[in-house]
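**Student:** This is what each chain is made of:
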Amino acid sequence: MTISNRWVIALPCAALLAGTPVVAHHSFATQYDINKPIEMRGTVTKVEWTNPHARFYIDVKDEKGEVSNWNWEMASPNVLSRNGWKPNTLKLGDQITVGGYMARTAPRMAIAGAIKDANGRPLFASAQADLPPK
Amino acid sequence: MRRFRAAFAIAAAVAFTAPLQAQITVPKTLPPATRAGGNITAKPVSGALPRQANGRPDLTGLWLRRGGIGNITQGLPKGETMPLLPETLKRMRALLAKDDPQLHCLPLPTPRANPYPFRFVETPTHIFILNESMHGFRQVFMDGRGHPPADELVPSWHGHSIGRWEGDSLIVDTVGFNDQTWFDNYGHLHSDKMHVIERFTRRDLGNLDIEITIDDPGAYSRPFTLQFNAQLMPGQELMEYMCEENNQDTAHIEGLAAPGLEAEKK
Numbered sequence: 129m130t131i132s133n134r135w136v137i138a139l140p141c142a143a144l145l146a147g148t149p150v151v152a153h154h155s156f157a158t159q160y161d162i163n164k165p166i167e168m169r170g171t172v173t174k175v176e177w178t179n180p181h182a183r184f185y186i187d188v189k190d191e192k193g194e195v196s197n198w199n200w201e202m203a204s205p206n207v208l209s210r211n212g213w214k215p216n217t218l219k220l221g222d223q224i225t226v227g228g229y230m231a232r233t234a235p236r237m238a239i240a241g242a243i244k245d246a247n248g249r250p251l252f253a254s255a256q257a258d259l260p261p262k
Numbered sequence: 003m004r005r006f007r008a009a010f011a012i013a014a015a016v017a018f019t020a021p022l023q024a025q026i027t028v029p030k031t032l033p034p035a036t037r038a039g040g041n042i043t044a045k046p047v048s049g050a051l052p053r054q055a056n057g058r059p060d061l062t063g064l065w066l067r068r069g070g071i072g073n074i075t076q077g078l079p080k081g082e083t084m085p086l087l088p089e090t091l092k093r094m095r096a097l098l099a100k101d102d103p104q105l106h107c108l109p110l111p112t113p114r115a116n117p118y119p120f121r122f123v124e125t126p127t128h129i130f131i132l133n134e135s136m137h138g139f140r141q142v143f144m145d146g147r148g149h150p151p152a153d154e155l156v157p158s159w160h161g162h163s164i165g166r167w168e169g170d171s172l173i174v175d176t177v178g179f180n181d182q183t184w185f186d187n188y189g190h191l192h193s194d195k196m197h198v199i200e201r202f203t204r205r206d207l208g209n210l211d212i213e214i215t216i217d218d219p220g221a222y223s224r225p226f227t228l229q230f231n232a233q234l235m236p237g238q239e240l241m242e243y244m245c246e247e248n249n250q251d252t253a254h255i256e257g258l259a260a261p262g263l264e265a266e267k268k
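Chains as they are written, first to last, in our numbering: chain Y, 129 to 262; chain P, 3 to 268.
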């Protein structure tokens, strides 16, 4: 099975497996705002394959053409790599699309719900426990 | 050369006159996929209880606890609530989510667990419980010793644990906890008087039953018992989890740990 097939399957499976809500390092509501959904397309400038959360940073243009750098939280490397991710799944310079929810207090920080990578493949990005309830 | 210059001029003109395309959108809602995350999962396996040469159950393997992750009351019998002393309830009401020890990468002593696996390592004199999360380990003395006298116990995160086998169950008896940890994200507290008895019973190849009885007269009005299950993760190994290496969350957490005192609800 190629990785692209795995991701396509991973999304619906993840949805089915989610049963009792669990909470990991932090709960969604204390850090992120369900009322601030956001989507953006940008260029990957940094990937941190770190605990408690892997993170990626993207340069994104606003409506005035000004570029800002956004910090996106993902699941831990332990969750990601047990579900098919690799440290180089996102590469510097990749053009990706990401949707998620903004942090309550930090201006350019958000939690990644779903990603389309440079080839348009859908990827899950966060631990189920860290996302808003479905 | 002239052609190159012309092409450059056209490209530059296009670049500067093309309408700017914003790359950020603020949708009213996001598609369901943005709420579908990943989990560490254990596929159910069936088979007989494996035993060691001495006849005791073999606890070897990587285990993933289910239940009570984030909300410890999921381990109570249906309809029961946590027997909080009024003072404990009062303290819980004031707890801020940003003060959760887990958020600060501090240990997760029993009965707390998060969605990462653990492993038993058994030697003739000790059992060690290795937790992937926070890179924590517990040391259980299996050599027949008792707990130190109360005035010699040094309060610690994981306490002083002694173990014994009772039939097919491993019993772990722990005292000497500090009072710094929470049972879950709601901030169920305990005192340094807490006495915990855990009963680990590998029911079959794929399932480990975990019964945890907590007697803490410093925070609860009576002893209570929590029941959880852990599932075997065949073929998997522990991974590194260095929580401190990039913990950016702490500065951005807002609000109470148990808003609306959901902690009291089952």
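If you're looking for bench data, these hints aren't it; they were derived computationally from the structure.
Cβ coordinates follow ideal geometry from the N, Cα and C atoms, glycine included.
Any given hint could be a false lead.
To be verified - Under 10 Å between C-beta atoms, here's a sample of chain Y residues computed to sit facing chain P: (1) Tyr-160; (2) Lys-164; (3) Leu-208; (4) Pro-215; (5) Asn-216; (6) Lys-219; (7) Leu-220.
**Student:** State for each hint whether it applies.
**Tutor:** Hint check results:
Taken as an interface hint, Tyr-160 of chain Y checks out: its beta carbon lies about 9 Å from the nearest beta carbon of chain P, inside 10 Å. For Lys-164 of chain Y, the shortest C-beta to C-beta distance to chain P is roughly 8 Å, which falls under 10 Å, so the interface hint holds. About 7 Å separates the beta-carbon of Leu-208 of chain Y from the nearest beta-carbon of chain P, less than 10 Å, and the hint is met. Restraint check, Pro-215 of chain Y versus chain P: the minimum CB separation of about 13 Å is more than 10 Å; hint violated.
Against a cut-off of 10 Å between C-beta atoms, the interface hint on Asn-216 of chain Y is violated, since the closest Cβ of chain P lies about 17 Å away. Residue-level restraint check for Lys-219 of chain Y is violated (minimum Cβ-Cβ distance to chain P is 19 Å; threshold 10 Å). For the restraint placing Leu-220 of chain Y at the interface with chain P, the shortest Cβ-Cβ distance is roughly 17 Å, beyond the 10 Å limit, so the hint is violated.
Consistency with the previously given hints fails for numbers 4, 5, 6, 7, ordered from lowest to highest.
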